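In order, the protein sequence lines correspond to chains A and B.
When you line the first sequence up against the working numbering, it's residues 881 to 1410, in that order.
When you line the second sequence up against the working numbering, it's residues 881 to 1410, in that order.
Since the hints were derived computationally from the structure, they do not count as laboratory data.
No experiment lies behind these values; they were computed from the predicted model shown.
Here a beta-carbon is modelled for each residue, glycine too, at the ideal position from N, C-alpha and C.
Among the hints, a few may not be true.
[Unchecked claim] Ranges between beta-carbon positions, derived for each pair:
1. 887/A x 1294/B: 50 to 60 angstroms
2. 1162/B x 939/A: 28 to 38 angstroms
3. 927/B x 922/A: 30 to 40 angstroms
[What the hints assert, rightly or not] If the Cβ cut is set under 10 angstroms, some of the chain B residues that face chain A in the computed set are:
4. 907
5. 1171
6. 1172
Number of protein chains: 2
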Amino acid sequence: MNATAPKSLVEIAYDSELTRQCGRVLVDALADHLDGVQAGDGLVQRWRDPELNISDAAGWLEAAEFSGPDGVLDQFKELLELSLQRGQNLNHPRCVGHQVPAPLPLVGLFDAVTTMTNQVQGVYEMGPWGIAAERAVIDRIGKQIGYTAGEFGGLVTSGGSLGNLTALLAARNEACPWVWGDGNQPHAVTDEAGMHDEGQRADARMPVLVVHADAHYCIDRAAGVMGIGKANVLKVPLDEQRRMDVSALEGLLASLRADGVPIIAVVAVACTTAVGAFDPIDSIADVCSRHGVWLHVDAAHGGAVCLSRRHRHLVRGLERADSVVFDAHKMMFVPAVCALVFYRNKQNRFRAFEQTAPYLFDPSAPDMSEYDNGVVTFECTKRSAALGLWAALSMFGLDLFEQLVDRVFHVAQQLYDLLDAAKQFEVLGQPQANIVVFRFLPEMLTRQSGDTSDAASLKLSQLQLRIRRAMLESGFAYLTQTTLSGNAYLRCTIMNPLTDESQLSKIITEVNRVGPLLWTELQETGLATD
Amino acid sequence: MNATAPKSLVEIAYDSELTRQCGRVLVDALADHLDGVQAGDGLVQRWRDPELNISDAAGWLEAAEFSGPDGVLDQFKELLELSLQRGQNLNHPRCVGHQVPAPLPLVGLFDAVTTMTNQVQGVYEMGPWGIAAERAVIDRIGKQIGYTAGEFGGLVTSGGSLGNLTALLAARNEACPWVWGDGNQPHAVTDEAGMHDEGQRADARMPVLVVHADAHYCIDRAAGVMGIGKANVLKVPLDEQRRMDVSALEGLLASLRADGVPIIAVVAVACTTAVGAFDPIDSIADVCSRHGVWLHVDAAHGGAVCLSRRHRHLVRGLERADSVVFDAHKMMFVPAVCALVFYRNKQNRFRAFEQTAPYLFDPSAPDMSEYDNGVVTFECTKRSAALGLWAALSMFGLDLFEQLVDRVFHVAQQLYDLLDAAKQFEVLGQPQANIVVFRFLPEMLTRQSGDTSDAASLKLSQLQLRIRRAMLESGFAYLTQTTLSGNAYLRCTIMNPLTDESQLSKIITEVNRVGPLLWTELQETGLATD
Chain A
881 MNATAPKSLV EIAYDSELTR QCGRVLVDAL ADHLDGVQAG DGLVQRWRDP
931 ELNISDAAGW LEAAEFSGPD GVLDQFKELL ELSLQRGQNL NHPRCVGHQV
981 PAPLPLVGLF DAVTTMTNQV QGVYEMGPWG IAAERAVIDR IGKQIGYTAG
1031 EFGGLVTSGG SLGNLTALLA ARNEACPWVW GDGNQPHAVT DEAGMHDEGQ
1081 RADARMPVLV VHADAHYCID RAAGVMGIGK ANVLKVPLDE QRRMDVSALE
1131 GLLASLRADG VPIIAVVAVA CTTAVGAFDP IDSIADVCSR HGVWLHVDAA
1181 HGGAVCLSRR HRHLVRGLER ADSVVFDAHK MMFVPAVCAL VFYRNKQNRF
1231 RAFEQTAPYL FDPSAPDMSE YDNGVVTFEC TKRSAALGLW AALSMFGLDL
1281 FEQLVDRVFH VAQQLYDLLD AAKQFEVLGQ PQANIVVFRF LPEMLTRQSG
1331 DTSDAASLKL SQLQLRIRRA MLESGFAYLT QTTLSGNAYL RCTIMNPLTD
1381 ESQLSKIITE VNRVGPLLWT ELQETGLATD
Chain B
881 MNATAPKSLV EIAYDSELTR QCGRVLVDAL ADHLDGVQAG DGLVQRWRDP
931 ELNISDAAGW LEAAEFSGPD GVLDQFKELL ELSLQRGQNL NHPRCVGHQV
981 PAPLPLVGLF DAVTTMTNQV QGVYEMGPWG IAAERAVIDR IGKQIGYTAG
1031 EFGGLVTSGG SLGNLTALLA ARNEACPWVW GDGNQPHAVT DEAGMHDEGQ
1081 RADARMPVLV VHADAHYCID RAAGVMGIGK ANVLKVPLDE QRRMDVSALE
1131 GLLASLRADG VPIIAVVAVA CTTAVGAFDP IDSIADVCSR HGVWLHVDAA
1181 HGGAVCLSRR HRHLVRGLER ADSVVFDAHK MMFVPAVCAL VFYRNKQNRF
1231 RAFEQTAPYL FDPSAPDMSE YDNGVVTFEC TKRSAALGLW AALSMFGLDL
1281 FEQLVDRVFH VAQQLYDLLD AAKQFEVLGQ PQANIVVFRF LPEMLTRQSG
1331 DTSDAASLKL SQLQLRIRRA MLESGFAYLT QTTLSGNAYL RCTIMNPLTD
1381 ESQLSKIITE VNRVGPLLWT ELQETGLATD
């Protein structure tokens, strides 16, 4: 190539010096942004209508024109600033919404190694160090759960929903080994130990999944995906703290076994998304063990309590689960997504999928299948998602993560106390985790009095939704909502360790300011406008 | 907080100045690494046994101890250098293995916005600009496919396997609407137009999936996951170029319709993973249309040819497909993973999953479900994966991507020509894409002569695998293998636009050097050692 010839578009796009220049701009912009957001002076989000944002983003594509290397640097900067301005600011101390954390900045930075060098994880060869880091992390966290070294195994996958599906596939293929080959048809089970004959019989039954009534929607979704059918997802009733009722579970499993129904798994939760309830896993494990049923625990959110000496009692018995999903991108504060799946028996990793891919796996090195993740993860091309977590664990040890869990649980308790002390709020019980559920009560209603008619309840629910939307659109704070027994509630999850009591007080003050205004508006306009 | 009190671990972990310092170290290390790797002087990979790498990674976690802010910066640097040294170098010009690209560096950098600020995509509120960018990209690329503006829709998901599953779920729920509720049981179809009665009958049949015989393993996997059963995945025979045989498809669909078997979809491929064969989509669409069957095209690898005026004829008719998977993390050269799923009819986005999640979706703003991705993507928490692609399209336009496709196709043709001219190689036909499949023939065997016994074939296959492994372990080049009709072949995919003829010649020279040595070794030791 002629040294004086102008560079092609392709050469410019891969130029390492332009990369360095853009990278420097990037780092300063990100650090400045983090600094500003964490101070909490500005808005959590500058709300804009989706169509306006889409139109702006599309405008850039329509106007796209290459403007030389210098132009690229300028455009990079402009696009970067725009993207930072228009995003949701999870690092803001008044961002107390979903179970998505203010990410640890050094993990975010370290993840750029994966992104910039495109380390992937279908086969060991393609991301050897990413796979090594992932293995080390799985091993370290699995021991913390209480699993026996050498016996358990795990994997990293693209989110909790996929993690739950993966583990439930392993459970299904264990309980119903005919499905992968012949499909998920009704099947007769001939005895209580789970033995089955291979033919179809008149008393054949569809397999069922037995789940916590408040399980995350991805469990129902997994059943829909697997072709189990919503009708075959059996919900176990809850106790007064919205935990699985263990005696109801016992009765249900006994009755299913008596009827010869294939049971794929029991799905317990640690903790629930709606209110943060932790199931009594130890007792549930007793029941499952008695009936020979696979116990899966969706610990996507709460798994991290096993890193805290103070809170690990909440997952007592977790090491007895046949499979566990644990999202590091929730209470280990790493960027989305890095979901960990654990199997008590590491051989069960190979149950979920039963396949070969000749171009992928090298038959001359069969031992590599132990390290070629594609055989145990749903994904073929999969980002090396645990490298940043491995780096953070290497730099800070488990101590940082214990402190993070303890801190957000403590702040949630502070929020509960503040709300409980303020007479305009009804709080839904002591928080079991870092999730607080409550309602704003208008002046005329107090906790033990007032109109309890359906119309009044509906209006009260509408009020909560309007308060939440007002907070969202003003950008002052970010909260979510949930519906329990038909009533809407406000819901805060403390996912930023820099959120403190003073910021919580500001949120409460603002709810107290907008609540009455919105209530008056609702009284005047009625429900017809909704 | 006392300004002079020592900072807690949590405060240090979120410190914006430490972030800035680590970020600067990161950018320089990444730019230096890119520069060195692209020069092609060093190795593609420093091969190390998995257990050695795992042991090293675990060692860091065992020794983890917080060493103050300055210590963190030093450790960050050390962990970074280690991770770069131990990775696979996709930007190396002799990395010609899997369909995973040398990523565009500016896309990798821009993606750090997503990672560092943790923009996610279940609901619009949580990643408003990420969703806007994603919508703009879907719209731009969909038009390039040839879909009608306003009618088509799409989404971004975590990889091609998940994309294919998502589209096939929509197809299944369209063809077999009873499954989500009642499970994937045998069902009678009463007429050829696909009408069915709801009861089970004696002639009830399990639904089937009709697929290209060389389809990616994720299609079989999707069938296994969905509980369809491997026995109900019907493979359509191939023509001599390993494309779907259209008349065989016609016969199969006619016979299935006559028998009243529910047909979920026909899965065509553009192009195949094994050899890069493009199906005749236009003719396949004619057949599917005649029989009223959903046409899904797995264009994970080849979709990007629609960006090239020279090569877009290869996907003629793609705009007739009911659904298409198109991995931007393949021939659009963005880091893993950014898989695009398109539906010809945008309403079909909502067919794949049929659910509500009260805590997630705000009933006071029902219009938002158009922008709340969780209802159309498998994932709930999902990384904003298209932001970097949007930025690259904004800075360089579609021109860059056309040049990238044209370039890698051209280099693959150069590789074919070099191999075809060298007498020690047998090349498997002209490349249809950027994938070249070939075998090294030892001196005693030439193309039209030699021992064709099973033992000789097996030995020849062993030789290819050993050559590949030797290249991998020396780190000189990275190739893959595939098995066709029981014989192993070497396989190169050109996924780095900076790979050129001189580097390809070096690879061929090296295969010519190690091939005879390994052949001699194989003759001496025999197959017993394998």
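Do the numbers back the hint for residue 1171/B, that is, is its least Cβ distance to chain A under 10 angstroms? 22 angstroms, violated
C-beta pair residue 927/B, residue 922/A: status relative to the range 30 to 40 angstroms that was hinted: 50 angstroms, violated
Proposed interface contact between residue 907/B and chain A, which counts if any beta carbon pair is under 10 angstroms: The hint holds - residue 907/B has a Cβ within 10 angstroms of chain A, the shortest such distance being about 3 angstroms.
CB-CB spacing for residue 1294/B and residue 887/A relative to the 50 to 60 angstroms hint: 21 angstroms, violated
Outcome of range test on Cβ distance (residue 1162/B, residue 939/A; 28 to 38 angstroms): For residue 1162/B and residue 939/A the Cβ distance comes to about 34 angstroms; the hint holds.
Interface restraint verdict for residue 1172/B against chain A (beta-carbon cut-off 10 angstroms): 22 angstroms, violated
Hints 1, 3, 5, 6, counting from the list given before, are not met by this structure.
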